[in-house]
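Q: One point on numbering: in the UniProt record's numbering, the residue at position 418 of the sequence shown is 418, and numbering is uninterrupted.
Be aware that a few hints might be false.
Below, in silico cross-link-like pairs of lysine-lysine (DSSO-like), each with a Cα-Cα straight-line distance of 27 Å or less [said to hold, decoys possible]: (1) Lys645 with Lys599; (2) Lys105 with Lys481; (3) Lys407 with Lys421; (4) Lys824 with Lys708; (5) Lys824 with Lys780.
Please keep in mind that the hints were generated in silico from the structure rather than gathered at the bench.
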Amino acid sequence: MTPRTKDPERPLSSDEQYDPRAVQDRWQARWAELDPFKAAGDDRRERRYALDMFPYPSGDLHMGHAEAFAIGDVIARYWFQRGHDVLHPIGWDSFGLPAENAAIKRDSHPAEWTYANIDTQAASFQRYAPSFDWSRRLHTSDPEYYRWTQWLFLRFYERGLAYRKGGQVNWCPNDQTVLANEQVVGGHCERCGALVERRTLTQWYFKITEYAERLLQDMDQLEGNWPERVLLMQRNWIGRSEGADVEFAVEGRDEPVTVFTTRPDTLYGATFFVVAADAPLADEICAPEQRADFEAYREQVSRESEIERLSTEREKTGVFLGRYAINPVNGERIPVWASDYVLAEYGHGAIMAVPAHDQRDLDFARKFGLPVQVVVETGEPDPAQTGIATAGEGRLVNSGPIDGLGKREAIGRITEILADKGLGRAAVNFRLRDWLVSRQRFWGAPIPMIHCPSCGEVAVPDDQLPVELPADLRGADLAPKGTSPLATAESWVNVDCPKCGGAARRDTDTMDTFVDSSWYYFRYCSPDYTEGPFDVAEVRRWMPVDQYTGGVEHAILHLLYSRFFTKVLHDMGMVDFTEPFTRLLNQGQVINQGKAMSKSLGNGVDLGEQIAAHGVDVVRLALLFAGPPEDDIDWADVSPHGMTKFLARAHRVATEVEAASGTDPAGGDTALRRVTHRTIDEVTTLVESHRFNVAIARIMELVSAARKAIDSGPGAADPAVREAAETVAVLLSLFAPYTAEDAWSVLGRQAPVARAGWPVAEPALLVEESVTCVVQVAGKVRDRLEVPPGIAADELERLALASERVQTALGGAEIRKVIVRAPKIVNIVPG
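Could you put the whole structure together from the sequences, leaning on the hints where they help?
A: Rendered as structure tokens:
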């Protein structure tokens, strides 16, 4: 395309100069040839790792993908332009239930649906033009990948971090599989919304609780680089509590029962003892005469969700177990009850109940006529009379040796007393529970364990990995049955024990897909490596990740698990850092008409249709210009047409440049050059602070300045116009790469513009010779003065008061005060 000149009779329309779809088609194939974004591993350049949360292949890309990957791409492209050696990979989180459900519906194998969708998304990504290094592509459902997921499981097992136990678990009746605590939201399955049940099953767990303290403490490394709300969510989920472990002797049990409490100072107010109804302890200590009542109650509790059990609104329920515990500080016998408001997973599954100072305990005591003993004098009315627990601080009463002490001092003293008697000790408890990783579904990485009647649990030898999924199960074979479909694949399940050679059976559960996504970013560093999950040297070259971009919905699950994996790998000597993601950026949602997009609401927006209608650059620019990355974007408020007009104007500036390539801009129009270099300086700062919408606005202002220079200034032949047009192309390459590339080509420059190099602002051109000062009288603008940037406040006041327009506006009125904000505003307030 050659530069065009303006027809004085009829300006060329945008459509005649610029078609975003044609520009797109022109450059897509060319970029595939150039492959400009391949990570070089060049030790002479500063390395940067830009990572986007990889997608699940549930269909084609959608508007949420469009926003998230546009944001990540701006960051990666900026680093490419700054001359860094950048790793910006892509892959697919390709195991999971949707593929399995689709296979059941279509009478096919999950791989067919999965890889067809991956191909569709890959084609859409290539059209959407993110700066991926496609040579590092991976899929978590490839045996070459999940071989190493299984290898990592075995290393966790060797370290005591993977173990199998029986107990109460969350069960999704719809998906027919167990769920980790983090996958239960408000008592419902996080994926399908079904009401979660509690069941007793033997399952595999990762011992994430062993890392609870480190997961909490290491967040200090992330302060200021991760969103504060994400750090708060993780801290709350880990839930560290300081207190004491207190030992209660219980009738009918040889060993004492340990209770964790954050308020050991209230021990003298403990008037009964509560055990979680579904805890093994309740079954163990239940008196024979109470057995029938207890088992009926336990069956009732098994049908309740955790959210129901913890609700403060519902009436308390429970059953007396026919036993008594001994309060260790005063020797009193207190009755032992089983109830649903205590969870088996919290602390040790039992609590001392202090009804005067805990509302749930008080509600229970009032329901069953149990005593209430005040031990903290807060000045509030007696809880036994009001039914309102006094949870505030005060002085201890009715508490023997700690009477008269305040809370903190009393906690320390009673803990010392317990320790001296061997009845307790200071302790820390965490809300975090171990990560349940077993799943009773097919489409996941098989757990690499074998169960032998003689040898027990036996790890699959490393040289037999991967344990591949059988290829002959499909359709109805995969229908959920409450146990894994793999259990029916007899030829797959029945194996020889690696230890004794006898008949044995494979474990038929598969791993939670969050295991796959907890380490994928390591694999990107060396995706073809065959000696381990990753090449340690390459990970040291690239990691930790410099910038991670993705949705805040992963604030607990994925991010917490990834941090855990990294710490384990650090302890294994495989990595030399303890946090995987240095900086985190969470984008908002793309909504429509004020609501989340939904077929049922009829407000869905199809990304493919938007791209077909407007082109990739317009969609990208519209999403990035709509607001800060972390804010939600309402597509109903977005103007693709406005973005098309802007891109046409930017492209047209390039087509009209007449100054030859390489012309020194120093002799060009100074005013335009000042705008150009100020834009470079401001856009640099704005991109680095992720204020992409404001950066785009500054580029728009530069295009307008260049347009003005062409139409009514020095003209298209001025070298400052070429400098401005080339700057627009480079800056715009972050946001609208096709248009930027075409403009760069029109300007006679060699592709790709993505590697052109970030322009550098000349300091001398950033110094303003004058600024416009607005002068207001009684809040209304009455004059504008051109003044030096460094003008003193008293001098600026003198000039403002000397203005004829100001004097006319005052009309001789007295001046009450003058407010000066040098050099930009003077506000005169009449008396």
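Q: Work down the list of hints and note, for each, if the structure agrees.
A: Here's how the hints hold up against the structure:
| no. | hint | in the structure |
| --- | --- | --- |
| 1 | Lys645 with Lys599 | violated (31 Å) |
| 2 | Lys105 with Lys481 | holds (15 Å) |
| 3 | Lys407 with Lys421 | holds (21 Å) |
| 4 | Lys824 with Lys708 | holds (25 Å) |
| 5 | Lys824 with Lys780 | holds (15 Å) |
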